[in-house]
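Colleague: When you get a sec, could you build the whole thing from the sequences and use the hints?
Top to bottom, those sequences are chains A and B.
Read in order, the letters of the first sequence are residues 7 to 412 in my numbering.
Read in order, the letters of the second sequence are residues 333 to 475 in my numbering.
Derived by calculation from the structure, the hints in this document are not laboratory data.
Every residue gets a Cβ at the ideal spot worked out from N, C-alpha and C, and that includes glycine.
Keep in mind that the hints are not guaranteed to be accurate.
[As the list claims (entries may be wrong)] Cβ-Cβ distance ranges computed for the label pairs, FRET-style: (1) B:Pro353 to A:Gln408: 44 to 50 Å; (2) A:Asp327 to B:Ser356: 39 to 45 Å; (3) A:Gln408 to B:Lys338: 55 to 61 Å.
[Unchecked claim] Non-contacting residues of chain A with respect to chain B, defined by C-beta distances greater than 12 Å in every case (computed): (4) Asp141; (5) Ser320; (6) Asp354; (7) Thr382; (8) Arg387; (9) Glu396.
[Unchecked claim] Restricting the straight-line Cα-Cα distance to at most 25 Å, the calculated cross-link-like pairs of lysine-lysine (DSS-like) are: (10) A:Lys406 to B:Lys448; (11) A:Lys406 to B:Lys354; (12) B:Lys448 to B:Lys460.
Here is how the chains run, residue by residue.
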Amino acid sequence: MTMKLPIYMDYHATTPADPRVVEAMLPYFTQQFGNAASRNHAFGWEAEEAVENARKQVADLIGASAKEVIFTSGATESNNLAIKGVAEMYREKGNHIITCVTEHKAVIDTCKKLEKQGARVTYLPVQKDGRINLDELRAAITDKTILITIMTANNEIGVLQPIAQIGAIAKEKGILFHTDAVQAVGKVPVNVNEMKVDLLSLSAHKMYGPKGVGALYVRRRNPRVLLSEQISGGGHERGMRSGTLNVPGIVGLGKAAELCRLEMVADTERLSKLRDRLNAGLHKNLDELYVNGSLEHRLPHSLNISFAYVEGESLLMGINDVAVSSGSACTSASLEPSYVLKALGAGDDLAHSSIRFGLGRWTTEEEVDYVIDKLTNVVRRLREMSPLYEMVKEGVDLSKMQWVTH
Amino acid sequence: MAYSNKVIDHYENPRNVGSLPKDSADVGTGLVGAPECGDVMKLQVLVNPETGIIDDAKFKTFGCGSAIASSSLATEWLKGKTVDQALAIKNTDIVAELSLPPVKIHCSVLAEDAIKAAIADYKTKQEKEKGVPATAGHAQPNA
Numbered sequence: 007m008t009m010k011l012p013i014y015m016d017y018h019a020t021t022p023a024d025p026r027v028v029e030a031m032l033p034y035f036t037q038q039f040g041n042a043a044s045r046n047h048a049f050g051w052e053a054e055e056a057v058e059n060a061r062k063q064v065a066d067l068i069g070a071s072a073k074e075v076i077f078t079s080g081a082t083e084s085n086n087l088a089i090k091g092v093a094e095m096y097r098e099k100g101n102h103i104i105t106c107v108t109e110h111k112a113v114i115d116t117c118k119k120l121e122k123q124g125a126r127v128t129y130l131p132v133q134k135d136g137r138i139n140l141d142e143l144r145a146a147i148t149d150k151t152i153l154i155t156i157m158t159a160n161n162e163i164g165v166l167q168p169i170a171q172i173g174a175i176a177k178e179k180g181i182l183f184h185t186d187a188v189q190a191v192g193k194v195p196v197n198v199n200e201m202k203v204d205l206l207s208l209s210a211h212k213m214y215g216p217k218g219v220g221a222l223y224v225r226r227r228n229p230r231v232l233l234s235e236q237i238s239g240g241g242h243e244r245g246m247r248s249g250t251l252n253v254p255g256i257v258g259l260g261k262a263a264e265l266c267r268l269e270m271v272a273d274t275e276r277l278s279k280l281r282d283r284l285n286a287g288l289h290k291n292l293d294e295l296y297v298n299g300s301l302e303h304r305l306p307h308s309l310n311i312s313f314a315y316v317e318g319e320s321l322l323m324g325i326n327d328v329a330v331s332s333g334s335a336c337t338s339a340s341l342e343p344s345y346v347l348k349a350l351g352a353g354d355d356l357a358h359s360s361i362r363f364g365l366g367r368w369t370t371e372e373e374v375d376y377v378i379d380k381l382t383n384v385v386r387r388l389r390e391m392s393p394l395y396e397m398v399k400e401g402v403d404l405s406k407m408q409w410v411t412h
Numbered sequence: 333m334a335y336s337n338k339v340i341d342h343y344e345n346p347r348n349v350g351s352l353p354k355d356s357a358d359v360g361t362g363l364v365g366a367p368e369c370g371d372v373m374k375l376q377v378l379v380n381p382e383t384g385i386i387d388d389a390k391f392k393t394f395g396c397g398s399a400i401a402s403s404s405l406a407t408e409w410l411k412g413k414t415v416d417q418a419l420a421i422k423n424t425d426i427v428a429e430l431s432l433p434p435v436k437i438h439c440s441v442l443a444e445d446a447i448k449a450a451i452a453d454y455k456t457k458q459e460k461e462k463g464v465p466a467t468a469g470h471a472q473p474n475a
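Modeller: Structure below.
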């Protein structure tokens, strides 16, 4: 089989829908197009049945019961609903939220907005490996703390937080625990009961489903979590999220969840081997590479490497038939280097030099080998062109330089 | 980032990559930018002290495609110019030649700074040769 270019290795950003998912969705656009809220005819019943089936499929993937799954437009909405919904609903109880500096913007900016409205938010730092320190979490808890929100896996570095331990602490203190699990669900085992999670956000397009649909898990027992709705209307989804249900999208999410549940073990084994092959191949060919974040506590398909003395955007230009992401300022809309990598304390220069590799269901060994070769050549070429590499080879300590910044 | 063909050409076929003997009195070295900002340019000129004409120019750049292109273009332009003509090169000339988008204008500014720093270094060295003390205009290791 000949390899097709360009190669997609950015599965953290999004995934293609699995053809089996699309096939499951198709009838719900044209034949079974009913409104799931239409209670008095067969079109509505069919749609409702499909939605309830999908609810079960999603619940099964995360060890929940179907009634605890609320469909949304995606994980950004789920995060907003969870955090704002709790802050409003439990205002009488307290106004303090604990989160972490490496969270996705959908969590951080939601917290910032609540701060403007009077909430108090603690942004926990992370350790060099990308994980929070549990003692710092304990120390941050006050009698006003109503919510801890910590992501399951980071979108840039793939590092898994100690979710079960965080859940245990939250439970012990009687604080609600939300996790943005969008990168983890479908990739690694996630169980809301074992992890003592009260609220969990997930998205279909990160696990081979369609874009524009996601879910929020909302615990119904021990404790029964209440949320202030953020979108008002017809009272769909137990009143927590109004709006006509996106039936084809929800069917797709359900099918995607089912496939992930059935194929996770095989996928994980295959992808972690490929990821390790990529990491080993690059390290064999090149010196001064730094893996960002813990290798041990990491998603199986995920790798983030800084190629010292080479800038990320120029690296991407050199591998323009490979789709990956960089933490370099030049590749971000904000023109700031990745705040996640900066939080690891490795230095801004390594953030500028980072590449995120995300492998997925259709990544092949041939593609991995191609990327190793291509990157090796480009990094070597750019290092020949790099004044920093030259200085280091001459024995200059870059950290002792006085740079003329601009 | 949608780059112009000229930027891509300079990125793929950079002109005058390399280093000149930095301790030579006829060589001026400019090192500008900072690793934590994501771009560092080293630009060097070899000046004929008799004629004041830049005989050779070399660069090495850590930075994005347009930073590489800006410095590569700068070395092309420097060769054959007098020191004073070199100082007249403006970042806006580089922006125009490479059709740099607004977010990349700082790359051209850096290239202009690198030219000025290299010439200043050359002049300092020449004055030193003649026994006149002066200050350097580029990055140096801390004492």
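Colleague: Against this structure, judge whether each hint is valid.
Modeller: To see whether the hints hold, each was checked on the structure:
{"no.": "1", "hint": "B:Pro353 to A:Gln408: 44 to 50 Å", "result": "violated, 23 Å"}
{"no.": "2", "hint": "A:Asp327 to B:Ser356: 39 to 45 Å", "result": "holds, 42 Å"}
{"no.": "3", "hint": "A:Gln408 to B:Lys338: 55 to 61 Å", "result": "violated, 33 Å"}
{"no.": "4", "hint": "Asp141", "result": "holds, 30 Å"}
{"no.": "5", "hint": "Ser320", "result": "violated, 5 Å"}
{"no.": "6", "hint": "Asp354", "result": "violated, 4 Å"}
{"no.": "7", "hint": "Thr382", "result": "holds, 17 Å"}
{"no.": "8", "hint": "Arg387", "result": "violated, 9 Å"}
{"no.": "9", "hint": "Glu396", "result": "violated, 6 Å"}
{"no.": "10", "hint": "A:Lys406 to B:Lys448", "result": "holds, 23 Å"}
{"no.": "11", "hint": "A:Lys406 to B:Lys354", "result": "holds, 19 Å"}
{"no.": "12", "hint": "B:Lys448 to B:Lys460", "result": "holds, 18 Å"}
In summary, the structure is inconsistent with hints 1, 3, 5, 6, 8 and 9 from the numbered list given earlier, while agreeing with the others.
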